[in-house]
Amino acid sequence: MPSDSPPFLEAERITKSFPGVKALVEVSLTVGQGESVAIIGENGAGKSTLMKILAGIQPPDGGMIKVNGELVELRGVKDAMRLGIALIHQELNLCDNLTVGGNIFLGREPRVCGFISHREIRKQSVDVLRQVGLSLSPETPLAELSIGQQQLVEIAKALSCNARLLIMDEPTSSLSSREVEALFTVIQSLRAKGVSILYISHRLGEVRRVSDRVVALRDGQNSGELPHQEITHENMVRLMVGRDLSQFYAHVCHPPGELVLQAAGLRTPTHPEESLDFELRRGEIVGLSGLVGAGRTELLNTLFGIAPAEQGEIEIAGQACRIRSPRDAIAHGVFLVPEDRKLQGLVLDMDVRENISLPALAGMSRMALVDGRRERSLALEMIDRMRVKTPGPAQVIRYLSGGNQQKVVIAKWLAMKPKVLLLDEPTRGIDIGAKHEIYELMESLAKQGVAILFVSSELEEILGMADRALVMHEGRLAGCLSRDQLSEEAVMNLATGGPLQAEQVQESKG
Amino acid sequence: MLKNIVLGMLLIAIFLLTRQMEPLFASQSSIGTMLRWTGLYGIMTIGAAFVIISGGIDLSIGSMIALIGAQFGILILEYNMNPYLAMVVVLTMAALIGLIYGLLITKLKLQPFVVTLCGLLVLRSIARYLTGDDMVSGFVVSDSGESLKYLTASKLWGLPLPLWMLGGVALVAGVALNRTVFGRYLKALGNNEQAARYSGIQTDNVTIAAYIICSFLAGVTGILFAIDLGSVAPNTTGTFFELYAIAAAVLGGCSLRGGVGSIVGVLIGTAILRMLYQAIETLRFAELEGTVIGVVILIGVIFDEIVRRVVANRRTKREMPIAPTETG
Chain A
1 MPSDSPPFLE
11 AERITKSFPG
21 VKALVEVSLT
31 VGQGESVAII
41 GENGAGKSTL
51 MKILAGIQPP
61 DGGMIKVNGE
71 LVELRGVKDA
81 MRLGIALIHQ
91 ELNLCDNLTV
101 GGNIFLGREP
111 RVCGFISHRE
121 IRKQSVDVLR
131 QVGLSLSPET
141 PLAELSIGQQ
151 QLVEIAKALS
161 CNARLLIMDE
171 PTSSLSSREV
181 EALFTVIQSL
191 RAKGVSILYI
201 SHRLGEVRRV
211 SDRVVALRDG
221 QNSGELPHQE
231 ITHENMVRLM
241 VGRDLSQFYA
251 HVCHPPGELV
261 LQAAGLRTPT
271 HPEESLDFEL
281 RRGEIVGLSG
291 LVGAGRTELL
301 NTLFGIAPAE
311 QGEIEIAGQA
321 CRIRSPRDAI
331 AHGVFLVPED
341 RKLQGLVLDM
351 DVRENISLPA
361 LAGMSRMALV
371 DGRRERSLAL
381 EMIDRMRVKT
391 PGPAQVIRYL
401 SGGNQQKVVI
411 AKWLAMKPKV
421 LLLDEPTRGI
431 DIGAKHEIYE
441 LMESLAKQGV
451 AILFVSSELE
461 EILGMADRAL
471 VMHEGRLAGC
481 LSRDQLSEEA
491 VMNLATGGPL
501 QAEQVQESKG
Chain B
1001 MLKNIVLGML
1011 LIAIFLLTRQ
1021 MEPLFASQSS
1031 IGTMLRWTGL
1041 YGIMTIGAAF
1051 VIISGGIDLS
1061 IGSMIALIGA
1071 QFGILILEYN
1081 MNPYLAMVVV
1091 LTMAALIGLI
1101 YGLLITKLKL
1111 QPFVVTLCGL
1121 LVLRSIARYL
1131 TGDDMVSGFV
1141 VSDSGESLKY
1151 LTASKLWGLP
1161 LPLWMLGGVA
1171 LVAGVALNRT
1181 VFGRYLKALG
1191 NNEQAARYSG
1201 IQTDNVTIAA
1211 YIICSFLAGV
1221 TGILFAIDLG
1231 SVAPNTTGTF
1241 FELYAIAAAV
1251 LGGCSLRGGV
1261 GSIVGVLIGT
1271 AILRMLYQAI
1281 ETLRFAELEG
1291 TVIGVVILIG
1301 VIFDEIVRRV
1311 VANRRTKREM
1321 PIAPTETG
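If you read the sequences in order, they're chains A and B.
Its first residue numbered 1, the first sequence is counted upward by one per residue in the numbering used here.
Its first residue numbered 1001, the second sequence is counted upward by one per residue in the numbering used here.
I should point out that these hints are in silico values taken from the structure, not numbers from a laboratory.
All of these numbers come straight from a predicted model, not from anything done at the bench.
Note that beta-carbon positions come from the ideal geometry of N, C-alpha and C, so glycine has one too.
Treat the hints loosely; a few may be bogus.
[What the hints assert, rightly or not] Take a look, some chain A residues computed to stay more than 12 Å from chain B by CB distance:
{"hint": "1", "residue": "Glu-70"}
{"hint": "2", "residue": "Ala-143"}
{"hint": "3", "residue": "Ser-173"}
{"hint": "4", "residue": "Arg-178"}
{"hint": "5", "residue": "Glu-298"}
{"hint": "6", "residue": "Gly-305"}
{"hint": "7", "residue": "Asp-349"}
{"hint": "8", "residue": "Met-364"}
{"hint": "9", "residue": "Asp-371"}
{"hint": "10", "residue": "Val-396"}
{"hint": "11", "residue": "Ala-478"}
[Unchecked claim] Mimicking DMTMM-like on lysine to aspartate or glutamate, the simulated pairs with C-alpha atoms at most 20 Å apart in a straight line are:
{"hint": "12", "chain 1": "B", "residue 1": "Lys-1003", "chain 2": "A", "residue 2": "Asp-384"}
{"hint": "13", "chain 1": "A", "residue 1": "Lys-419", "chain 2": "A", "residue 2": "Glu-310"}
{"hint": "14", "chain 1": "A", "residue 1": "Lys-52", "chain 2": "A", "residue 2": "Asp-96"}
{"hint": "15", "chain 1": "A", "residue 1": "Lys-419", "chain 2": "A", "residue 2": "Asp-328"}
{"hint": "16", "chain 1": "B", "residue 1": "Lys-1107", "chain 2": "A", "residue 2": "Glu-381"}
{"hint": "17", "chain 1": "A", "residue 1": "Lys-417", "chain 2": "A", "residue 2": "Glu-458"}
{"hint": "18", "chain 1": "A", "residue 1": "Lys-417", "chain 2": "A", "residue 2": "Asp-384"}
{"hint": "19", "chain 1": "A", "residue 1": "Lys-78", "chain 2": "A", "residue 2": "Glu-26"}
{"hint": "20", "chain 1": "A", "residue 1": "Lys-417", "chain 2": "A", "residue 2": "Glu-460"}
{"hint": "21", "chain 1": "B", "residue 1": "Lys-1003", "chain 2": "A", "residue 2": "Asp-349"}
{"hint": "22", "chain 1": "B", "residue 1": "Lys-1107", "chain 2": "A", "residue 2": "Asp-384"}
{"hint": "23", "chain 1": "A", "residue 1": "Lys-417", "chain 2": "A", "residue 2": "Asp-349"}
{"hint": "24", "chain 1": "A", "residue 1": "Lys-342", "chain 2": "B", "residue 2": "Glu-1193"}
{"hint": "25", "chain 1": "A", "residue 1": "Lys-52", "chain 2": "A", "residue 2": "Glu-73"}
{"hint": "26", "chain 1": "A", "residue 1": "Lys-78", "chain 2": "A", "residue 2": "Glu-179"}
[What the hints assert, rightly or not] Partner residues are not named here, just some residues of chain B that face chain A (Cβ under 7 Å, in silico):
{"hint": "27", "residue": "Gly-1167"}
{"hint": "28", "residue": "Thr-1180"}
{"hint": "29", "residue": "Asn-1191"}
{"hint": "30", "residue": "Asn-1192"}
{"hint": "31", "residue": "Gln-1194"}
{"hint": "32", "residue": "Ala-1195"}
{"hint": "33", "residue": "Tyr-1198"}
{"hint": "34", "residue": "Gly-1200"}
{"hint": "35", "residue": "Leu-1256"}
{"hint": "36", "residue": "Arg-1257"}
{"hint": "37", "residue": "Gly-1259"}
{"hint": "38", "residue": "Ser-1262"}
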């Protein structure tokens, strides 16, 4: 890389705010020609927002962006594309009713006399497909491709627009390990041609492999950079979390109490071929780990009656129960803090008070009339206990930050004496301070005798918070690890379940 | 609240403006007609509002009015049924139709638009079949000379009886919507069905109840219109009424996205539409009726959208200083 030419992209002091959150505060970033830079940071650190700004999807509130040393303004995706910046989304943006070639040229089809020239599409597609290592016909319907191949088509699409910088947001999150290898090979060959890469991933092992440099974000601010030789797991975690992990998690071991929930031969509707047996004890915090799609959320949904079990028995406090709906689960003291708080956890246009009281409302009404005073005092009590930052109980939930919204979701259930609390990704997308408070809350609930089962995709969280961990793989319980057996390798080993993935574990150990 | 005040001012403005152009508009009979019709239309609009707040829609209100009105007449004329018993029978029928809608929408997960669109077609054609496509009339006054006409034509303390009925329905509806657990569930469901379900609310039952209420109130309106007009023409009575009801509800602040709406707003919305209608009649340019009403609703919705954005923007700016903080 010639050092006298300006870097391909320079972003300086980018600032962006959303209702209730400062997503980015004066974040700066440079990417050289052909350089591969990884952005790391926890959920909610501002990575995705930064990417969206660089791709022209959202305008920044402040700061400036230079491309090839020239100040530019990105008013839309078109502007960014013209400058050679392309974003490969986490969720692919392809039409699976079209062919591969049709997708590559979607929106800018070559035309002859106003009609689409399929011959031209074919000719030009073959070339970009070769560049991403795909040897298939542009006529292939996209629906026939695997997710990994579709991802490569998306990259081919970017290349056909002469992209000079590819921004990849969690590109490997749904790929098999062989597809990941194929992707990395493509990335290497693109870099050799001078294409720059901006790579976002939670998988630190991958980050180490693909990037020349690591830029870390924390709470919407730059929290440090690592040159290639300093990219280690420990360094990255330190920059992301800003403290030692042992201080961060509030965990103390609990002596498990008597049995609260026992599942025998449980079959979920998503994986009816697997029979699940497990138990939860009073005062115990159990982590539920596994890869995306392993059936963790589905298991919680079955316990909560959202997707009732096909077969099997659930005993709660020694009593056999049929859980056919959330109402049944709630009646037995089993509560769920769902995965997507905006979609499942909250009624966004209602206020804090109405959200907190929603599940408890029927119990505190008189002759079908809502008891406004009791409702309000419950809300005030919960706001105080959960330390929800809100101007008052009448604040519309939509305007609270992610962490405070999540506290409200949990507060909904605390009013009703939980026996078993199921938490699905309880700290996803919330800032570090609120995260810490949620860990403390889990601790104090466990101390009061609540059995907690929580799903987390962040291994550190499982390692930091769980008394023991259940690990799922393709719908089955691959194993249970006690506190002394818990390690990143052990969890990954069970979660991936095959010898092929064992190498990966080795590599990520670093 | 603010919205209702603005709507109220709009109502007064239309009144004063039209009176300026045509003093007859403020005559006692003209005002009486407006109030009576507001009463009749308002009852079905409140029903429509419940469905709209639940996040659904009912396109079959007009057909329901025709079917219930016709069946009411037939029961009296052909079966010699006591008119009050006939009312009970046809209202039960209306509620059952609402129950069927609700079951189709919740248990089979069909779209409300499709289900009630089919209702619109089916109910109207049943009305025509039952009547042999002939006008039904002569059921208001019985052989012994008793007349039902008082229900829509008489006055109580100077106000038309239908307006009192609307007042009663609105009071019950207002309490149900704002003070009961059901009302809270309905709003939660309309705003976010999943979150409501994840909170243990039996959302199916709440949805079904909304359609029963809507169909029941459409049935009530059907009976009242049959009595007021003295006849039911199965192929024309009630046509487009569902659209008037939806229009009035939307003008009154109900969002078709669900979760939002107030009974007071619905009342003012209905009153504005009826007054506009009357004003157009009085000023004699009936061909432009659709234009005027359509434009007024559009302006109302645009105004509402602008206010919403300004409020949201101001809120964002004001609450910005909550930066993420570190603890631990």
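Original post:
When the hints from earlier in the document are held up against this structure, which numbers fail?
Top reply: 6, 7, 8, 9, 10, 12, 13, 14, 16, 17, 19, 20, 22, 23, 26, 27, 35, 36 and 38
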